[in-house]
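Student: Each chain is listed here by its residues.
Protein chains: 2
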Amino acid sequence: MQHVNSKLDKAAILKAIRSCLPAEQKNVELHEPYLCGNEWNYVKECLDTNWVSSVGKFVDVFEQKLAEYTGVKRAFAVVNGTAALHISLKMAGVDEGNEVLVPDLTFVATANAVTYCGAIPHFVDCDEMTLGVDPKALSDYLSRIAEIRDGECINRETGRKIKVLVAMHTFGHPCDLEKLSDLCKKYNLILIEDAAEALGSFYKNRHVGHWGKFSILSFNGNKTITTGGGGAILTNDEKLGVRAKHIATTAKLPHPFIFFHDQIGYNYRMPNINAALGVAQLENLPRFLERKRVLAMRYKKSFQDVAGVRFVDEPGFSKSNFWLNAILLDADTAAERDGLLEYLRADGIKARPAWTLMHKLPMFQDCPRMEIPMAEAMDSRLINIPSSAFL
Amino acid sequence: MQHVNSKLDKAAILKAIRSCLPAEQKNVELHEPYLCGNEWNYVKECLDTNWVSSVGKFVDVFEQKLAEYTGVKRAFAVVNGTAALHISLKMAGVDEGNEVLVPDLTFVATANAVTYCGAIPHFVDCDEMTLGVDPKALSDYLSRIAEIRDGECINRETGRKIKVLVAMHTFGHPCDLEKLSDLCKKYNLILIEDAAEALGSFYKNRHVGHWGKFSILSFNGNKTITTGGGGAILTNDEKLGVRAKHIATTAKLPHPFIFFHDQIGYNYRMPNINAALGVAQLENLPRFLERKRVLAMRYKKSFQDVAGVRFVDEPGFSKSNFWLNAILLDADTAAERDGLLEYLRADGIKARPAWTLMHKLPMFQDCPRMEIPMAEAMDSRLINIPSSAFL
Numbered sequence: 003m004q005h006v007n008s009k010l011d012k013a014a015i016l017k018a019i020r021s022c023l024p025a026e027q028k029n030v031e032l033h034e035p036y037l038c039g040n041e042w043n044y045v046k047e048c049l050d051t052n053w054v055s056s057v058g059k060f061v062d063v064f065e066q067k068l069a070e071y072t073g074v075k076r077a078f079a080v081v082n083g084t085a086a087l088h089i090s091l092k093m094a095g096v097d098e099g100n101e102v103l104v105p106d107l108t109f110v111a112t113a114n115a116v117t118y119c120g121a122i123p124h125f126v127d128c129d130e131m132t133l134g135v136d137p138k139a140l141s142d143y144l145s146r147i148a149e150i151r152d153g154e155c156i157n158r159e160t161g162r163k164i165k166v167l168v169a170m171h172t173f174g175h176p177c178d179l180e181k182l183s184d185l186c187k188k189y190n191l192i193l194i195e196d197a198a199e200a201l202g203s204f205y206k207n208r209h210v211g212h213w214g215k216f217s218i219l220s221f222n223g224n225k226t227i228t229t230g231g232g233g234a235i236l237t238n239d240e241k242l243g244v245r246a247k248h249i250a251t252t253a254k255l256p257h258p259f260i261f262f263h264d265q266i267g268y269n270y271r272m273p274n275i276n277a278a279l280g281v282a283q284l285e286n287l288p289r290f291l292e293r294k295r296v297l298a299m300r301y302k303k304s305f306q307d308v309a310g311v312r313f314v315d316e317p318g319f320s321k322s323n324f325w326l327n328a329i330l331l332d333a334d335t336a337a338e339r340d341g342l343l344e345y346l347r348a349d350g351i352k353a354r355p356a357w358t359l360m361h362k363l364p365m366f367q368d369c370p371r372m373e374i375p376m377a378e379a380m381d382s383r384l385i386n387i388p389s390s391a392f393l
Numbered sequence: 003m004q005h006v007n008s009k010l011d012k013a014a015i016l017k018a019i020r021s022c023l024p025a026e027q028k029n030v031e032l033h034e035p036y037l038c039g040n041e042w043n044y045v046k047e048c049l050d051t052n053w054v055s056s057v058g059k060f061v062d063v064f065e066q067k068l069a070e071y072t073g074v075k076r077a078f079a080v081v082n083g084t085a086a087l088h089i090s091l092k093m094a095g096v097d098e099g100n101e102v103l104v105p106d107l108t109f110v111a112t113a114n115a116v117t118y119c120g121a122i123p124h125f126v127d128c129d130e131m132t133l134g135v136d137p138k139a140l141s142d143y144l145s146r147i148a149e150i151r152d153g154e155c156i157n158r159e160t161g162r163k164i165k166v167l168v169a170m171h172t173f174g175h176p177c178d179l180e181k182l183s184d185l186c187k188k189y190n191l192i193l194i195e196d197a198a199e200a201l202g203s204f205y206k207n208r209h210v211g212h213w214g215k216f217s218i219l220s221f222n223g224n225k226t227i228t229t230g231g232g233g234a235i236l237t238n239d240e241k242l243g244v245r246a247k248h249i250a251t252t253a254k255l256p257h258p259f260i261f262f263h264d265q266i267g268y269n270y271r272m273p274n275i276n277a278a279l280g281v282a283q284l285e286n287l288p289r290f291l292e293r294k295r296v297l298a299m300r301y302k303k304s305f306q307d308v309a310g311v312r313f314v315d316e317p318g319f320s321k322s323n324f325w326l327n328a329i330l331l332d333a334d335t336a337a338e339r340d341g342l343l344e345y346l347r348a349d350g351i352k353a354r355p356a357w358t359l360m361h362k363l364p365m366f367q368d369c370p371r372m373e374i375p376m377a378e379a380m381d382s383r384l385i386n387i388p389s390s391a392f393l
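First to last, the protein sequences are chains L and F.
Each number in the numbering used here comes from the position in the first sequence (counting from 1) with 2 added on.
Each number in the numbering used here comes from the position in the second sequence (counting from 1) with 2 added on.
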């Protein structure tokens with residue numbers, strides 16, 4: 003049912019997607035959990051032993067296994083990725099009236115968490131290859147608007163301190179962490195990696211999460227592994243890690259029966275029953291990653307012959323988890339994106355566009371931002387396609 | 003091993019507690035979950051159907067059953083009681099630089115949630131009978147320090163607006179809600195009930211949660227029913243309830259594939275797997291309440307003959323859930339409280355004092371407060387004793 007003047011071959015795109023998916027599956031969601039291991043056993047153990055709440059063996063095991071897998075010194079589990087970001091920003095010293103550099107192309111949690119600290123998100127553009135923060139464009143921008151005064155990075159235009167850069171690994175594809183890390187050093191910014199989508203993604207043979215002072219993961223139901231709802235903070239600074247866990251767990255000082263809290267804290271602990279899911283899921287992570295890679299490579303091949311569309315591949319320096327596969331429409335067919343989405347969804351393929359850009363949301367429209375041509379392009383031309391590990 | 007000059011008969015107190023507990027149980031925690039119903043069936047259903055995350059049947063059922071049981075128009079489940087308080091305060095319009103009246107005798111979450119809004123907790127004393135906010139003392143205090151200007155309650159001493167009174171139902175015993183409600187009307191304050199501990203508690207034959215504009219529950223592992231970690235917001239204002247849920251769920255507008263968020267939101271959804279636990283637990287709530295009442299009455303009887311100690315009974319106008327049983331030492335034996343705690347704990351009875359008073363915590367020591375003789379008394383003389391429903 004295409005318009006006569008359509009440039010986009012919707013049927014070819016649908017066919018390219020369908021050819022990569024199991025034939026028997028009519029409705030295909032974007033990303034669903036794959037509970038195929040010890041989930042039952044571990045969750046049942048929680049129930050049988052009465053340890054379902056905020057302290058318990060599985061929380062400890064999950065944290066330890068996460069640290070082992072990612073290679074960081076300390077990982078700790080929290081209630082979701084948003085909470086992990088909030089604590090990380092607090093620990094980085096983000097305070098009332100500071101600015102935090104945040105990608106314009108991201109899930110709203112990244113910018114929301116900045117506001118929880120009383121700070122202001124300052125939106126930056128993304129790179130065409132990584133879909134993450136563009137180091138070159140940001141460097142040019144900072145050289146125009148920022149300067150170091152008394153060791154602090156100041157936005158000359160607003161007079162406010164810029165404290166942190168949050169680099170988000172979009173759809174699991176790693177940003178160019180070395181370049182961003184260098185840029186942060188130059189401007190005395192603290193780097194936080196928002197790796198909510200990037201468990202299992204490697205930058206130059208090392209798991210993401212090592213370049214930020216803190217990094218965060220998410221285990222929401224739509225992520226590569228899930229705990230129902232959950233997140234984690236990763237850090238190589240053991241002392242900061244202990245402090246972060248302290249404020250995320252109501253800042254109570256250890257004592258057998260006295261309740262004494264030494265600062266304002268948060269109730270961000272992950273319950274043991276959710277961590278039990280996480281431990282089981284983590285055991286299957288290598289298998290999930292393998293399957294997700296196979297699916298991504300099938301998509302890549304399948305889209306080679308479709309005109310006007312490009313499969314978004316992993317950046318050359320990285321090994322991506324391919325959390326959410328994506329295709330990019332040619333610029334001259336951007337106007338047909340919503341029509342394509344409707345077409346795919348009518349067939350049962352639950353495709354979707356990227357998130358609405360942050361600066362287009364009413365609460366962030368007056369926040370400072372650089373020119374963001376690439377994020378605008380992604381906003382109008384990118385489509386995510388089904389990516390569950392069991393496909 | 004008592005001191006020669008001790009006035010407190012520790013052995014008699016231990017005996018009075020032990021006589022109410024199952025003989026075979028050496029170590030007795032203060033409050034543990036009792037997972038004796040459909041917990042496994044429902045959790046297993048989540049795992050089998052792949053619905054473990056933030057949307058799902060059990061969240062809806064749990065919310066509906068909570069509303070039915072408490073009689074409020076709308077209940078919705080969130081990630082914990084702290085989150086429920088935060089959203090309730092936001093919805094009540096608490097903003098930067100406002101003051102919120104909060105009991106000095108409470109768990110730290112009540113005061114922390116106020117600070118999350120940029121507001122200042124203002125601590126008030128408790129009543130000897132209810133352990134909750136003392137309406138008479140607060141009325142006297144407000145008549146001295148507060149005045150209504152342009153319809154708003156102003157603290158004359160600080161010049162700040164006082165927006166809300168949070169009334170917490172201590173250990174499950176209801177506050178005197180009618181009197182507090184009248185006082186709030188007189189001073190144009192919004193009443194929020196912190197019923198974190200009070201699921202199953204009734205004030206004048208009606209479940210708590212109807213007097214506050216919003217009320218909150220907690221389902222932490224130490225509560226009467228548990229979801230691992232969790233909480234809920236209750237309200238009789240359906241419109242406000244819908245708005246509260248909206249901001250607690252990232253403020254995303256409903257759309258099949260567009261991510262558009264119309265304001266700053268929070269990621270406070272309760273995952274389906276936790277709600278599954280909650281539905282099973284709620285089915286057994288009447289049984290838990292019955293058993294907890296039997297235990298409380300046993301304690302009451304047992305302590306009738308112990309000199310120097312009084313069992314904290316439910317206020318006359320209420321039917322309490324007896325979440326945490328408590329005994330109160332006579333004033334002249336307060337100095338022996340910690341010795342008694344050690345003595346009981348050495349025998350395996352995990353007794354504990356009430357929370358450290360809020361104004362004694364470093365982050366709240368400069369907050370405004372009224373004179374708090376009764377909270378001080380409770381702080382020095384009260385002891386919580388084991389209260390699990392399975393005892």
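Keep in mind that the hints were calculated from the coordinates and are not lab data.
Any given hint could be a false lead.
The list that follows gives simulated cross-link-like pairs (lysine-lysine, BS3-like), each with its CA atoms no further than 27 Å apart [unchecked claim]: (1) 92/L x 92/F; (2) 46/F x 46/L; (3) 59/L x 352/F; (4) 254/F x 362/L; (5) 46/F x 59/L; (6) 92/F x 254/L; (7) 59/F x 92/L; (8) 67/F x 254/L; (9) 254/F x 67/L; (10) 67/F x 362/L; (11) 352/L x 362/F; (12) 46/F x 28/F; (13) 352/L x 59/F; (14) 92/L x 362/F; (15) 28/L x 362/F; (16) 46/L x 59/F; (17) 67/F x 28/L; (18) 247/L x 46/F; (19) 188/F x 247/L; (20) 28/F x 352/L; (21) 92/F x 362/L; (22) 362/F x 59/L; (23) 92/L x 352/F; (24) 92/F x 46/L; (25) 67/F x 247/L; (26) 28/F x 46/L.
Student: State the violated hints by number, sorted upward, taking the hints as numbered earlier in the document.
Tutor: 7, 8, 9, 10, 11, 12, 15, 17, 18, 19, 20, 22, 23, 24 and 25
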